[in-house]
Every structure is written in structure tokens, then in C-alpha cells.
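2 protein chains.
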Amino acid sequence: MSGAAPETASPLLAALAASVAEIENALDTLLPPEEGPEAPLYAAMRYAALGGGKRLRGFLVLEGAAQFRVSRTSALRVAAAIEMLHAYSLAHDDLPAMDNDDLRRGRPTLHKAFDEATAILAGDALQAHAFAVLAHEDTHSDPAVRADLCLRLAQAAGPRGMCGGQMLDMLAESSREPATEASIGRLQVLKTGKLIEFSAEAGAILGKAPGMQRHCLLAYGRELGAAFQIADDILDATATAAETGKATGKDAAAGKATLVGLLGLERARIQAERLAEQAVSHLDSFGERADLLRMLAAYTIHRRS
Amino acid sequence: MSGAAPETASPLLAALAASVAEIENALDTLLPPEEGPEAPLYAAMRYAALGGGKRLRGFLVLEGAAQFRVSRTSALRVAAAIEMLHAYSLAHDDLPAMDNDDLRRGRPTLHKAFDEATAILAGDALQAHAFAVLAHEDTHSDPAVRADLCLRLAQAAGPRGMCGGQMLDMLAESSREPATEASIGRLQVLKTGKLIEFSAEAGAILGKAPGMQRHCLLAYGRELGAAFQIADDILDATATAAETGKATGKDAAAGKATLVGLLGLERARIQAERLAEQAVSHLDSFGERADLLRMLAAYTIHRRS
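Chains as they are written, first to last, in this note's numbering: chain R, 886 to 1190; chain P, 886 to 1190.
Be aware that a few hints might be false.
[To be verified] If you want a taste of the chain R side facing chain P, the calculated C-beta under 7 angstroms gives, among others:
1. PRO896
2. LEU897
3. LEU901
4. SER956
5. ILE1005
6. GLN1012
7. ALA1013
8. ALA1017
9. PRO1044
10. CYS1048
11. ASP1054
12. ALA1057
[Unchecked claim] Label pairs and their calculated CB-CB ranges:
13. SER956/P with ASP1023/R: 28 to 38 angstroms
14. ALA1029/R with THR1065/P: 44 to 54 angstroms
15. GLU1022/P with ARG954/R: 19 to 29 angstroms
16. GLU919/P with ALA1029/R: 47 to 57 angstroms
17. ALA906/R with ALA1067/P: 39 to 49 angstroms
18. ASP1027/P with LYS939/R: 51 to 61 angstroms
19. LEU1150/R with ASP1027/P: 46 to 56 angstroms
20. GLY1096/R with GLU920/P: 24 to 34 angstroms
21. ARG954/R with GLU1062/P: 46 to 56 angstroms
Hint data in this document are derived by calculation from the structure and do not stem from the laboratory.
This one's a predicted model, so the numbers in the text were calculated from it and none came from an experiment.
Even glycine gets a Cβ: it sits at the ideal position worked out from N, Cα and C.
Can you make the complete structure from the sequences, with help from the hints?
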């Protein structure tokens, strides 16, 4: 068992790269091929879901599942489903009526590469398809596991999860009331936190883990997600578009309240560090099999893209 | 056991009215109350889902479930979930980038009553929430039933179902190739047929019915859905906006190919009649408990709204 977070991130980077390749491959297999009369829809879904990205959520599923010796096939299906859900949320967030972004991961956003109607529709289809993948018997032989995965994803993505957070984000931009640490915290827990929590928890669901271990992974995901969000805000404030592959400095330009704006860079960095440490502490009951998850917490707050 | 479809529709109208009230009530209970910081999202979800409508899909669930003595609570949750899914699809179809409709069920469409961003988001949240309702243990004590409901809804609503049909609809409007009966048929089976099929099948899933009976209900739903679609096209061509509560004559104005345009009103009416009769024939193995479903087939093609 390894206590402190390891100093070097290179085993993590190798594992991340391998997971990215496996997840892209699973997505490629699970998304409809570009065939038949509906091919333009499938092309748009594939563009949105196969467009690269860090696959943080998918990696969390795979590493969570690895704690309980879940079959790689099962874990990859769930990882792919969560990445489909995440891809849909990005495609809809980028729409002209929402954030109106032209660039994502260094490429035109979905509605720029296709058109607005197709982008809305492909997002809708990606969300439905994510549930179809989770609910399919190939994901797990036990239907209780499949039903639980569907329930938890639906809660993480729904009105009291990601969609609720997106509403708060939209309201914050038009609000005259100043944001507080509490209001920003609630926004971020809902908008990005819930899906990251579920990603970490999903491996325990697949592994039918005892409630305590499932709760530890979920708590790890919660703190990791919060740290990740602050790191994202720090990147937006300090990195260049070339580094992140998307427009930066947008938060400040939009007058969007972030913890960086509220606390300043230095205190935000300290808070991200503290959250990453807390995340790791939830893994104390796990052995060295959880080392990659420990490294991930440190990596999350030090990445440059 | 009742052979031919009964002549009078009044027991059906009473049952429909009672179901509408029950389904509205279930939706009211299952949708988040308009409270807390995310209240504007919940208000938009409720506006979209509680805005009246015939509740055909919900009624099919309830009557399908009644064949197998499923608890009303279970059936109402599934009925509400499908109506949430249907409400999301209407809200997104009405968006400026899609059909750009201002009127729905006699009221401003969702993006007119709120704004475009909120309409996109509320639709997304309604889809997720539909799955959360299906996957929750209150819907059925057997997780295999819940997983199956999620799978079938996801398939009906996803890229090879409703979303695929919507893509075909968008492509048809910009296509220079003339529509054929086959191409219109495929569009309608996907765009509206799959969800109606699932609505009819859902009661059998809830009742853990033998495969044969499940298949009969699904086949009934398939023919009923096709008849319903032709009836809708006939209404668009002949009824007034005051009767239907939405803009009419739009198909012709948009140059949209429908079976009415292709076959003419008279032959379209005959085809709808034939489909309704075929739908009823799939219920031959069911007793008089299925009489409302038989009446529904006749009513579907004779309604004026």
C-alpha cells in the first residue's frame, strides 16, 4: 500500500495514453457506423464523441473498475457511455444560444463543422445512446448493475445534476448579484462535479463493491472534480489557446465569476492542492492498485491543457 | 372476448380523459418543483411537459399494463417518463434551428415562452429525467424490468429511432430527390413510430408478459403509430390551427413530402383505415380488457385534433 501521492507522473501519462486509445476504440465500436440514410447524424455523433479529449471521465471508470477486477469489456462500455454523455454536453454548451464557441479541442465545434440543427440532434442522440449502452446486457450480466448505472448517470446528467449546473451558469452570467464562493461551488458541483463523481463511482457499481468502498470512490471523485474545475479556471486565466485547444480568457471576458476571480490565482492554487490531497485521502483503504488514481489527483492540478 | 372494433368511442373518450388527468398528476409529482436556485430550469421543464396534449403514448402504457394487472403506480411512472421524452422531442423540434415553430398546443412554444438556451437545456434535462424515473426502484421491484425499460426507451429515442427519423426529416426538406412511399415510411417509423411502439410494449415489459404477447402489443403499436402519422398528415392538410392548437398547412408550405401529398387524401384515408384494422388484429389473443386499445385504433384515424 502506498501512502503519499507519488512524485512522478510518467506511469500515469502512459496509463492515460493507453486508456485514451482503448476508449476511442470502444467509442468507435459502439457508435453507429456512417452508413444508411441517417449517416449524416452518425457522422456528427462520431465527430463530437471521437474528437480526442483527455478522457478523464473514462479513465476514472477504468481505474475505479480495476480496483474490483471488473472485466475490461464492461468497464470500457461504461467509460464510452460516460464520454458520449460528456461529448453531448460539450456540443450543446458550444451552441450559439449557449456559449457560442467556435473552437473545441483545436477543431471547429460541432455546429460549425455541421450545422446547428444537426448539432442539437447529435447531442440528443448521444445522450440516448449512452443509456442504451449502459442498459445493454453486454455491459454486465446482472440487470441490477445495469439499472443502477442508468439511474446514477441519469441523476448526474439531469435537472439536479449537470443540467441544473448549466442553468446556474446561464443565470450567473445575467445576474446582477455578485457570485459567492458558495454559489460558484454549487454551480461547479452540479455542472461538472456530478458526472465526475459518477465516473469514479461507476467502477464500484460494476464491481458490486461494498457500500463503504463505493462511497470512498465517489468522495474521491467529488474532491477530484472540484480540484479539476479550479485547475480549469486557472488554465483559462493563464494558458494560451494553443495549449488548451480552445478559446481562453473567456471567463474574464464574459465577466464570468470563478473561484480564481474571487480568491485570486494564488489562493485558488492552494485550494486546488488541498482538494487534491483530500481526494487522495479517500483512497486510504485501497492498496497500490489505486496508485494511478492517486497520481491523477496530483496531475489534475498541474496539467497545462 | 370482443372481435370487431366497437362502434362508439365514448367509453374511450372517458378513459382518455381520466388517463390524461392521472398522467398530468404523475408528471407534476415526478418533475422537480420550482424551487431553489435552478428553479427557472424546472419551470421550463414543467411548462414543456405539463402543457396538455393527448397523452397518446402515456395512455398506451396504461392500457398495455392493464392487460397484465400491473400496479397503476408503476404504469403511471412509465407513462410519465415517456411523456417527458416526448415533450423534450417536441421542444427541440420547435427550436429556431429546427422547425422554428411559435405555437404548440395553443400556447407559445418553449423557446418563445422562455428563451432558446433554456429550451435546449430543459429538453436535455427532460430526457435524462425520463431515464431516472424508469431506472428508479419505485418503478418496478425487479431490476431486470427497469434495465429493459431503459434499454428499449434509449433505443426508441436514439440514433436508430426518433433522432434518426428527425435527421431524415431534416434531410428530406433539403433534398432534391423526390420522396417515395418507402422513404416517407422509414422516416415516420423512426421519427414517431419507435416511441409509440415502445409505449405499447412497455406494459408487457412491466407485466413480464410472455414474448408472444409482448410482441403482439409492439406490433399493435407499430400499426397504430403508422395510422396515427397518416391521420396527422391528413389533419395538417385539412384542419385549422384552431382545431389542432398548432400551425397547420405547414407541410405543404414547406414542400414537405407526406403520404397525403404522394397518395392524395382519399388513398391516404384508406391506408390509415387499413393500418388501424391491422393494429386491432394484433389484439386478437387479448380479451375484452383490450377493448379500449381497439377503440383507440378507430379513434386515432377519425379525430379532428
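Status of the hints after comparison with the structure:
no.: 1; hint: PRO896; in the structure: violated, 36 angstroms
no.: 2; hint: LEU897; in the structure: violated, 32 angstroms
no.: 3; hint: LEU901; in the structure: violated, 28 angstroms
no.: 4; hint: SER956; in the structure: violated, 18 angstroms
no.: 5; hint: ILE1005; in the structure: holds, 6 angstroms
no.: 6; hint: GLN1012; in the structure: holds, 6 angstroms
no.: 7; hint: ALA1013; in the structure: holds, 4 angstroms
no.: 8; hint: ALA1017; in the structure: holds, 4 angstroms
no.: 9; hint: PRO1044; in the structure: holds, 4 angstroms
no.: 10; hint: CYS1048; in the structure: holds, 4 angstroms
no.: 11; hint: ASP1054; in the structure: violated, 10 angstroms
no.: 12; hint: ALA1057; in the structure: violated, 10 angstroms
no.: 13; hint: SER956/P with ASP1023/R: 28 to 38 angstroms; in the structure: holds, 30 angstroms
no.: 14; hint: ALA1029/R with THR1065/P: 44 to 54 angstroms; in the structure: holds, 46 angstroms
no.: 15; hint: GLU1022/P with ARG954/R: 19 to 29 angstroms; in the structure: holds, 27 angstroms
no.: 16; hint: GLU919/P with ALA1029/R: 47 to 57 angstroms; in the structure: violated, 34 angstroms
no.: 17; hint: ALA906/R with ALA1067/P: 39 to 49 angstroms; in the structure: holds, 41 angstroms
no.: 18; hint: ASP1027/P with LYS939/R: 51 to 61 angstroms; in the structure: violated, 38 angstroms
no.: 19; hint: LEU1150/R with ASP1027/P: 46 to 56 angstroms; in the structure: holds, 53 angstroms
no.: 20; hint: GLY1096/R with GLU920/P: 24 to 34 angstroms; in the structure: holds, 30 angstroms
no.: 21; hint: ARG954/R with GLU1062/P: 46 to 56 angstroms; in the structure: holds, 54 angstroms
Checked against the numbered hints given earlier, this structure breaks hints 1, 2, 3, 4, 11, 12, 16 and 18; the rest are met.
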